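Residue numbers (our numbering), protein chains in the order written: chain L, 6 to 169; chain E, 70 to 880.
Simulated from the structure, these hints should not be mistaken for lab results. Computed from a predicted structure; not experimentally measured. Be careful, since some hints might not be right.
What the hints assert, rightly or not - Okay, the calculated bits of chain E under chain L, using three or more residues with CB under 8 Å as the criterion: (1) 113-124; (2) 591-603; (3) 787-794; (4) 797-804.
We treat Cβ as the ideally placed atom computed from N, Cα and C, and that holds for glycine.
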Amino acid sequence: MSKHTITVTVNGEEVTHEVDARTLLVHFIRENLSLTGTHIGCDTTSCGACTVHLDGTAVKSCTVFAVQADGGSVDTVEGMAAGPELHPLQEGFWEKHGLQCGYCTPGMLMAAQELLEHNPDPTEEEIRWGISGNLCRCTGYNKIVEAIQYAAEKMRESREEAAV
Amino acid sequence: MSQLEDRVQFMHPVPEGASAQVETTEEIRVTTPEKICGMGHRMKRKEDSRFIRGKGNYVDDVKLPGMLYMDIVRSPYAHAKILDIDASEALATPGVVAVITGKDLEAAGGLHWMPTLMSDTQMVLPIDKVVYFAQEVCAVVATDRYTAADAVEKVFVDYEPLPAVVDPFEAMKDEVIVRDDKEEKTNHIWHWEAGDKEATDQVFAEAATVVREKMHIPRIHVASIETCGMVANYNPATEKMQLYMTTQAPHAIRTVFALVSGLPEQKIQVISPDIGGGFGGKVPVYPGYVICAVASLVTGKPVKWIEDRSENLQADSFARDYHIEAEMAADANGKITGLRVKTLADNGAADAAANPSKFPAGLYSICTGSYDMKAAHVEVDGVYTTKPPGGVAYRCSFRVTEAVHMIERMADIMAHELGEDPADFRMKNFIQPEQFPYKSPTSWEYDSGNYPAALQKAMDMIDYPALRREQEEKRARGELMGIGISSFTEVVGAGNSRDFDILGINMFDSAEIRIHPTGKAIARFGTKSQGQGHETTYAQIVAEELGIPAQDIEVEEGDTDTAPYGLGTYASRSTPTAGAAAAMAARKIKAKARKIAAHLLEVGEDDLEWNVDRWQVKGSPDQHKTIQDIAFAAYTNHPYGMEAGLEATDYYDPPNMTFPFGSYIAVVDVDKGTGNVRVRRFVAVDDCGNIINPMIVEGQVHGGLTQGLAPALYEEIVYDENGQNLSGTFADYLLPTAVESPKWETGHTITPSPHHPLGAKGVGESPTVGAPPAIANAVVDALWHLGVRHIDIPITPERVWKALREAGVND
Chain L
6 MSKHTITVTV
16 NGEEVTHEVD
26 ARTLLVHFIR
36 ENLSLTGTHI
46 GCDTTSCGAC
56 TVHLDGTAVK
66 SCTVFAVQAD
76 GGSVDTVEGM
86 AAGPELHPLQ
96 EGFWEKHGLQ
106 CGYCTPGMLM
116 AAQELLEHNP
126 DPTEEEIRWG
136 ISGNLCRCTG
146 YNKIVEAIQY
156 AAEKMRESRE
166 EAAV
Chain E
70 MSQLEDRVQF
80 MHPVPEGASA
90 QVETTEEIRV
100 TTPEKICGMG
110 HRMKRKEDSR
120 FIRGKGNYVD
130 DVKLPGMLYM
140 DIVRSPYAHA
150 KILDIDASEA
160 LATPGVVAVI
170 TGKDLEAAGG
180 LHWMPTLMSD
190 TQMVLPIDKV
200 VYFAQEVCAV
210 VATDRYTAAD
220 AVEKVFVDYE
230 PLPAVVDPFE
240 AMKDEVIVRD
250 DKEEKTNHIW
260 HWEAGDKEAT
270 DQVFAEAATV
280 VREKMHIPRI
290 HVASIETCGM
300 VANYNPATEK
310 MQLYMTTQAP
320 HAIRTVFALV
330 SGLPEQKIQV
340 ISPDIGGGFG
350 GKVPVYPGYV
360 ICAVASLVTG
370 KPVKWIEDRS
380 ENLQADSFAR
390 DYHIEAEMAA
400 DANGKITGLR
410 VKTLADNGAA
420 DAAANPSKFP
430 AGLYSICTGS
440 YDMKAAHVEV
450 DGVYTTKPPG
460 GVAYRCSFRV
470 TEAVHMIERM
480 ADIMAHELGE
490 DPADFRMKNF
500 IQPEQFPYKS
510 PTSWEYDSGN
520 YPAALQKAMD
530 MIDYPALRRE
540 QEEKRARGEL
550 MGIGISSFTE
560 VVGAGNSRDF
570 DILGINMFDS
580 AEIRIHPTGK
590 AIARFGTKSQ
600 GQGHETTYAQ
610 IVAEELGIPA
620 QDIEVEEGDT
630 DTAPYGLGTY
640 ASRSTPTAGA
650 AAAMAARKIK
660 AKARKIAAHL
670 LEVGEDDLEW
680 NVDRWQVKGS
690 PDQHKTIQDI
700 AFAAYTNHPY
710 GMEAGLEATD
720 YYDPPNMTFP
730 FGSYIAVVDV
740 DKGTGNVRVR
750 RFVAVDDCGN
760 IINPMIVEGQ
770 VHGGLTQGLA
780 PALYEEIVYD
790 ENGQNLSGTF
800 ADYLLPTAVE
810 SPKWETGHTI
820 TPSPHHPLGA
830 KGVGESPTVG
840 APPAIANAVV
850 DALWHLGVRH
860 IDIPITPERV
870 WKALREAGVN
880 D
């Protein structure tokens, strides 16, 4: 098994580690970096619990090799809040009861963040399709949709304030 | 197996302060201000603070120094003799520490077999033969998970395949014996009956109309997004075994581990950390847990075992699989008079169903549902097949889902047969509000209910008459639209302890509340949340009773070294049992607080009255001591002769089950060409008695509805004739996404439980139980005029298309 030294910017901080060629990105994040907010729910890229951003794009880190992130940047749920200040999506999920067991939540947050970056004003239908790569077994999705609507609204308001 | 005992004669006394009022209202009771956040407040969840930051602590997040990883070799056959296991190549692989086989477990004191929750036996690891596909054959322990997975491929097992028996009706012929370890060479496990056969036969003989239907409630899988797993940490120096485990019932599991392993119980600590969904799948003990614990004992090091999704979908956490033949009788006025049911329960290779001991078919005898009838008789036979053990209660109180699906389908079939509107038919046949407490023909005593109110509210919310008009217009144009109703009654909150147990351990539950000197508190419980929000709702109950702000109350569960003994969280039992225990423990504290307040105020106890968060002098509210004042005094200035401190524990043994209910209405459009069903609207009116946190109740209902939509339209674990699981990944076993799941519309009525100290009932499972027949009834309602009487769930496009084709549509 060949070993590789990789350098990745994780949540804004550069880290260098030696990994096996076959080490999955999700295991690199969880085990090498001890960032356990990114979860594993399946092994077929179906559930989305392991969703992180790789170079700004949401990926399911259970089917990406760690070496593919070499020289790139990875953002996980642990990097979402700016210090004590929650991201509007985190706030929305809390306010609107967008989570129950919390296991799918980090992946949902990362998927929703990408959705809102591409579509800041999504319809309910667009939100539902936007998170359709992420399975939640607890909430029935109603309140996740409301949480994302809450965040979209809040982010729109802060953009408008910034523009004034 | 004996008749269901008549439990109605035996009732614990109803606790003081239980809700005497059972009138139905819609107003949620709120008696505390926002800053205290007692019952009825939409309090944001305390637990979410860590989850939204990725700071939850699930079993796979536990990392201990020197930890090893375990992986499992699984059988490629559903039924085969094991001739040889050659692990030499695996053991020679660098990083592999041990390979554990059934013979090793046998040598370790007969640990190769374990008891199931139904007092049957199940192999932990086999010695002679395997009895289901993906069965655990041996385990590999290595320094990391990749090496362990590699080594699994290097274990060579020599099998001699035997014929599989997948169909339970074939299994009943005893041509292939699944469990030849048993003395009796038969696949038939038990026969069980409830109700009065003679009276039922009489009713059927006199009936004006009888309808019959066969239905299958297929095997499904709970598929919590977190799979099962464990970190076992045996310390040879202290002889203490720590088990971090995905379990819904940590205390019962500790006792079972102690009994099976012979380790002293005080040396076993089960820790159930954050759990990523349970839904019943994390109640049983699966072989992997036992092997993992043994691996730690053998190596003297911490060992982690985490199932991957395919293992989870192939080997454990299976539910349902009831083959039902039902008959319903009605008189000339269209009044239901009786129900007769025969059922074959496919248990798989062991009877490992998660039921209380006395109830091999769970609470299936609740199957007369919301309808008043003279007589009923239910028979169930359990049978072994070469499939993994099933019988987990997938978000369900022990088989109530199967019962509700059957009765709600039968009610609809009868209504259609009689040419009556299914809503009118239900209204006419409901147990009426004045009949409560109601004794059912199968001996349940329903505590409270108002079925017409819930159905009427659902009909108003969805504008039922307008939907029927729309359906008529569409039908005239050849379009297929259906409206389906389900008016279910649940039975949740086990015990009482005389009737309900797990392997002999009585089903009570517990709360322990300690008030700190500064008036803050910690409360610990015998249950274990898997997403239900106990850290919030239990705090709200204590806040309601004692006036301590819910934010100031820390709730802990899941550590058997610190939490009081309890039976765990499943079957919607937490609010009915541990929630009641919280109220009762708080009331004990309140009684002591009264003595302290009387001492501080220099008045008699009888001169005091309680007001939200304080004891005050009657008629002179300025003279008072708040709970915080009293807590401080309990440690600094308590009356001479009184014990210091302010804490209480309660082990609550409920007088009866609670009987939540509701009425759901589904509207579906059926595509004639493809057979695709789209749920266009779905209104759910639930009644779970008094509500602790309306936001959490809504969340529970939404989630349960999606888990009811799932088996209605998508989910089924399918086996081929060789017993191979064809649904072993999320690409094959379809969980609804946000796109399939409709926007749920919810409402409530409130009919308190007369025996619960807070008037509350369970709620988490009602929607999973009530939704599937609403959807199935809607689909059949769309097709009835074409001659379609029934379609089994999951109602896939293929099944609808076939039904349409048989009806002469789409030739």
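Against the structure, the hints come out as follows:
Residue count for the segment 113-124 of chain E with a Cβ under 8 Å from a Cβ of chain L: 11. That meets the three needed, and the coverage hint holds. Coverage of the segment 591-603 of chain E by chain L holds in this model, with 4 residues showing a Cβ closer than 8 Å to a Cβ of that chain against a need of three. With 0 residues carrying a beta carbon less than 8 Å from a beta carbon of chain L, the segment 787-794 of chain E misses the three-residue requirement, and the given coverage is violated. Check result for the segment 797-804 of chain E against chain L: holds, 4 residues qualifying (beta carbon to beta carbon below 8 Å, three or more required).
In this structure, only the earlier hint numbered 3 is contradicted, and the remaining ones agree with it.
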